[in-house]
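Chains as they are written, first to last, in the numbering used here: chain C, 50 to 354; chain P, 50 to 354.
Treat each hint with caution, since some may be false.
Same chains, same names: a pair is fine if it fits in one copy or spans any two.
With a cut-off of at most 25 Å between alpha-carbon atoms, the simulated BS3-like pairs for lysine-lysine come out as follows [what the hints assert, rightly or not]:
#	residue 1	residue 2
1	LYS177	LYS345
2	LYS327	LYS248
3	LYS170	LYS345
4	LYS263	LYS248
5	LYS177	LYS263
6	LYS327	LYS177
These are calculated hints, taken from the structure and not from any lab test.
2 protein chains.
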Amino acid sequence: MTTLLPSWNDGLAKQAILDFVAQVTAEPSPAFVPPGDRIAVFDNDGTLWCEYPMYVQAFFVFDRIRALAPQHPEWQIQAPFASVLKGDLNAALAGGEHALVELVMATHAGMTSDEFTAIVKDWLATAKHPTTQKLFTEMVYQPMLELLDYLRSHDFKTFIVSGGGIEFMRPWAERVYGIPPEQVIGSSIKTRFEQREGKPVIVRLPELLFFDDKEGKPAAIQHYIGRRPIAAFGNSDGDLQMLQWTTAGSGASLGLIVRHTDGDREFAYDTSAMGSLKQALIESEQQGWVVVGMQKDWNRIFAWQ
Amino acid sequence: MTTLLPSWNDGLAKQAILDFVAQVTAEPSPAFVPPGDRIAVFDNDGTLWCEYPMYVQAFFVFDRIRALAPQHPEWQIQAPFASVLKGDLNAALAGGEHALVELVMATHAGMTSDEFTAIVKDWLATAKHPTTQKLFTEMVYQPMLELLDYLRSHDFKTFIVSGGGIEFMRPWAERVYGIPPEQVIGSSIKTRFEQREGKPVIVRLPELLFFDDKEGKPAAIQHYIGRRPIAAFGNSDGDLQMLQWTTAGSGASLGLIVRHTDGDREFAYDTSAMGSLKQALIESEQQGWVVVGMQKDWNRIFAWQ
Numbered sequence: 050m051t052t053l054l055p056s057w058n059d060g061l062a063k064q065a066i067l068d069f070v071a072q073v074t075a076e077p078s079p080a081f082v083p084p085g086d087r088i089a090v091f092d093n094d095g096t097l098w099c100e101y102p103m104y105v106q107a108f109f110v111f112d113r114i115r116a117l118a119p120q121h122p123e124w125q126i127q128a129p130f131a132s133v134l135k136g137d138l139n140a141a142l143a144g145g146e147h148a149l150v151e152l153v154m155a156t157h158a159g160m161t162s163d164e165f166t167a168i169v170k171d172w173l174a175t176a177k178h179p180t181t182q183k184l185f186t187e188m189v190y191q192p193m194l195e196l197l198d199y200l201r202s203h204d205f206k207t208f209i210v211s212g213g214g215i216e217f218m219r220p221w222a223e224r225v226y227g228i229p230p231e232q233v234i235g236s237s238i239k240t241r242f243e244q245r246e247g248k249p250v251i252v253r254l255p256e257l258l259f260f261d262d263k264e265g266k267p268a269a270i271q272h273y274i275g276r277r278p279i280a281a282f283g284n285s286d287g288d289l290q291m292l293q294w295t296t297a298g299s300g301a302s303l304g305l306i307v308r309h310t311d312g313d314r315e316f317a318y319d320t321s322a323m324g325s326l327k328q329a330l331i332e333s334e335q336q337g338w339v340v341v342g343m344q345k346d347w348n349r350i351f352a353w354q
Numbered sequence: 050m051t052t053l054l055p056s057w058n059d060g061l062a063k064q065a066i067l068d069f070v071a072q073v074t075a076e077p078s079p080a081f082v083p084p085g086d087r088i089a090v091f092d093n094d095g096t097l098w099c100e101y102p103m104y105v106q107a108f109f110v111f112d113r114i115r116a117l118a119p120q121h122p123e124w125q126i127q128a129p130f131a132s133v134l135k136g137d138l139n140a141a142l143a144g145g146e147h148a149l150v151e152l153v154m155a156t157h158a159g160m161t162s163d164e165f166t167a168i169v170k171d172w173l174a175t176a177k178h179p180t181t182q183k184l185f186t187e188m189v190y191q192p193m194l195e196l197l198d199y200l201r202s203h204d205f206k207t208f209i210v211s212g213g214g215i216e217f218m219r220p221w222a223e224r225v226y227g228i229p230p231e232q233v234i235g236s237s238i239k240t241r242f243e244q245r246e247g248k249p250v251i252v253r254l255p256e257l258l259f260f261d262d263k264e265g266k267p268a269a270i271q272h273y274i275g276r277r278p279i280a281a282f283g284n285s286d287g288d289l290q291m292l293q294w295t296t297a298g299s300g301a302s303l304g305l306i307v308r309h310t311d312g313d314r315e316f317a318y319d320t321s322a323m324g325s326l327k328q329a330l331i332e333s334e335q336q337g338w339v340v341v342g343m344q345k346d347w348n349r350i351f352a353w354q
């Protein structure tokens, strides 16, 4: 057998990937796609790295609230901040989207873009996953890293299309995934260019610009990339429309869903506090999308295992 | 002398470009920049192609209004459409930004992204510049095409950062400039993903998402590219902030302004109906930006001359 994608077990999922790449890169082939059009889009949370028990960015938000609390005495009694400071994250999130937006804006806006990048880098240098005690950047899926490399070695351009914050991912996506900042797409807030003490800066404003999830994902793909991908990789219903859009093109395409089936080496869930995999799983059959079972299809999940 | 950049006369401007590229690409050099960080941003109208007597996209808007008029009998008496249909473009634009937005939305929204791309391609295949009777895609500056190639051959990644519509430029930017859709940044309207007769489409909505001019340019650069360019090329005060942001980085950088000084081979103006070059010219001295005079520095302006 092949030594390509070594962390993938031989089986239907791996074979589907190899067949697809062979099909679009071999010349002459009726399904040949020129290199420039070989666009592959990847969801991030739960597809490229662990999202359980909650998004890494949520851990970041809560840590930042605690770090900033001394400058905000009012947070001690003000929802949802007070719940975060008491360590009651369920209560903090009980306020729904409104509470979440408040927490995000309090921690993601008000500084310059350069300052925010530094904050993210500093935090990721030490913050650890609560169960494994590994750095979050070590909680990336080894088979997906191999897949990214494999696609790029066949002249695919790899993009992240995530509901997570665009500037939260960019400071480390190149080092960890080999994906440069300009190929990272995510949710975003508004910014303003201004001069501060004679130096131009870009200031982050507490107002949503774009929410890159569900219907937002194909819209973002068109907006940022400007052409339809031929391969899309996701793990939840938040990726459904991205998979639909990608695989509705006229040529060959690949849709793939990573399913969290391994409670021993990772976590076993279709539905978590972060989202669920229902409709995309139902559609996967009629659409011919590949469903990867982490337990069955991956012989290694994390590089350190 | 060198055969690089053959349409550029030997002189200060050409030398400044060659020196800058040598400085950031030679290893070891204190100013060395790794390939991934060699980001170059180009304004489009008036910098890469002709913007006189008005933006090409404005010609497109007026032609589309005339083409769509039979389906809109109300336009015969309704401003600003009636003025366009009478051929009185000054009167049409007298309504200022509000009138312009109305004209743009009536011609750029309501269709799917694929349909809009087809409309733009069809129009550009035949639409001609009123003075030269050349296709608009032949009204691109040969020295700038050479510069784009030269930078790319030294591992620069070239981007367009234009006030023009992002989806108006993408259908032809790769063919004409060698710049792929995902490296074209411009002004944009909102879109919505939906299913039409069981087929996913992206529908263009009549609402502004992002205006990519002046202060918007550095904000867009950070938003779409996520890192600071090391070279910026513009021709008007709409590019001032992009030049400021690019050249305020900590390493070596190049800011360059194309000045329209050739009334014989192109058009001679600092100020036109489309914009003006005043503040950027003033700042160019203290900032050390290169000012290119088209008459003095370019021995050829258009490939067909």
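Structure-based check of each hint:
| no. | hint | in the structure |
| --- | --- | --- |
| 1 | LYS177 with LYS345 | neither (27 Å within a copy, 60 Å between copies) |
| 2 | LYS327 with LYS248 | between (50 Å within a copy, 21 Å between copies) |
| 3 | LYS170 with LYS345 | neither (34 Å within a copy, 48 Å between copies) |
| 4 | LYS263 with LYS248 | between (38 Å within a copy, 16 Å between copies) |
| 5 | LYS177 with LYS263 | neither (28 Å within a copy, 42 Å between copies) |
| 6 | LYS327 with LYS177 | neither (30 Å within a copy, 53 Å between copies) |
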